[in-house]
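Listed below, chain by chain, are the residues.
Number of protein chains: 2
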Amino acid sequence: MIPDKYHDLLESTALAHVSTLGPSGEPQSNPVWFGWDGTHIRFSQTTKRQKYRNLQRDPRVAISIVDPNDPYRYLEIRGNVIAIEDDSSLAFINSMAKKYLGQEIYPWHIPGDKRVVVVVASEHTSQMG
Amino acid sequence: MIPDKYHDLLESTALAHVSTLGPSGEPQSNPVWFGWDGTHIRFSQTTKRQKYRNLQRDPRVAISIVDPNDPYRYLEIRGNVIAIEDDSSLAFINSMAKKYLGQEIYPWHIPGDKRVVVVVASEHTSQMG
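Quick mapping for you: the protein sequence lines, in order, are chains A and B.
Each residue of the first sequence is one higher than the one before, starting from 120 at the first, in my numbering.
Each residue of the second sequence is one higher than the one before, starting from 120 at the first, in my numbering.
Check before you lean on any hint, since a few could be wrong.
Unchecked claim - List time: in silico DSSO-like cross-link candidates among lysine-lysine, alpha-carbon distance up to 27 Å: (1) A/K124 / A/K167; (2) A/K233 / A/K170; (3) A/K124 / B/K167; (4) A/K167 / B/K124; (5) B/K124 / A/K170; (6) B/K170 / A/K124.
Think of the hints as simulated: they come from the structure by calculation, not from any bench.
With these hints in hand, go ahead and build the complete structure from the sequences.
This is the structure:
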């Protein structure tokens with residue numbers, strides 16, 4: 120689904136700007152760390168966040184990622200959240216800390232925060248460069 | 120509307136990830152050059168693009184901008200397109216080339232493309248850092 124030519128972006132430490140739909144169907148967007156398993160995009164979320172509530176209401180997302188080495192090269196992924204997985208072990212957020220910070224343990228975990236992994240399947244892509 | 124503390128991001132050469140709503144109300148997102156006049160966010164568009172059609176159908180947008188010098192600092196602006204201005208003189212797109220490329224003339228203009236300026240008013244912001 121995602122052109123091979125852009126797989127390097129999915130393996131990079133670029134941020135993913137994830138857009139979701141708010142309560143009135145309005146777009147909301149913010150940057151997140153993300154992972155890619157060769158098929159799906161994954162990002163961490165706490166269950167207190169607006170984005171989590173948005174995704175429970177409407178699973179449609181758009182994700183845009185710019186090449187950190189070339190601002191004129193980007194990938195947009197439009198798709199759906201197909202699963203929200205428990206991350207109470209913090210295994211996933213720790214893997215993100217490893218990817219983005221080079222640290223084994225995510226340093227900003229707040230005790231009591233319930234962490235989940237949002238799993239996105241691509242339905243359509245657009246790209247430049 | 121936009122906290123003073125984040126005005127530097129609006130004056131930076133960061134890219135703005137602009138999310139609009141597609142024909143089925145789904146989010147779409149891509150990075151754009153943008154300008155700020157102290158009140159409104161402006162970005163260029165050609166009238167052939169999906170984003171232009173989206174904005175004519177539904178003026179709601181979300182814009183997320185990450186600090187180029189600090190990936191943990193960002194600003195999200197949610198708002199509405201309040202005007203779409205003619206740019207057939209290319210004055211605005213040339214000003215964007217000046218800002219982002221240091222060039223007087225936008226080098227990638229395609230003769231026949233109709234350029235407009237999309238003007239966004241902020242309704243709500245979220246931020247980190």
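How the hints compare with the structure:
Taking the CA atoms of A/K124 and A/K167, the gap is near 36 Å; set against the 27 Å cutoff, the hint is violated. Taken as a hint, the A/K233 and A/K170 pair is honoured in the structure, with Cα atoms around 14 Å apart against an allowance of 27 Å. Restraint check: the Cα-Cα separation between A/K124 and B/K167 comes to about 26 Å, which is no more than 27 Å; the hinted pair holds. At most 27 Å may separate the alpha-carbon atoms for a hinted pair to count; A/K167 and B/K124 meet this at roughly 26 Å.
As the CA atoms of B/K124 and A/K170 are separated by approximately 24 Å, the hinted pair is consistent with the 27 Å bound. Taken as a hint, the B/K170 and A/K124 pair is honoured in the structure, with Cα atoms around 24 Å apart against an allowance of 27 Å.
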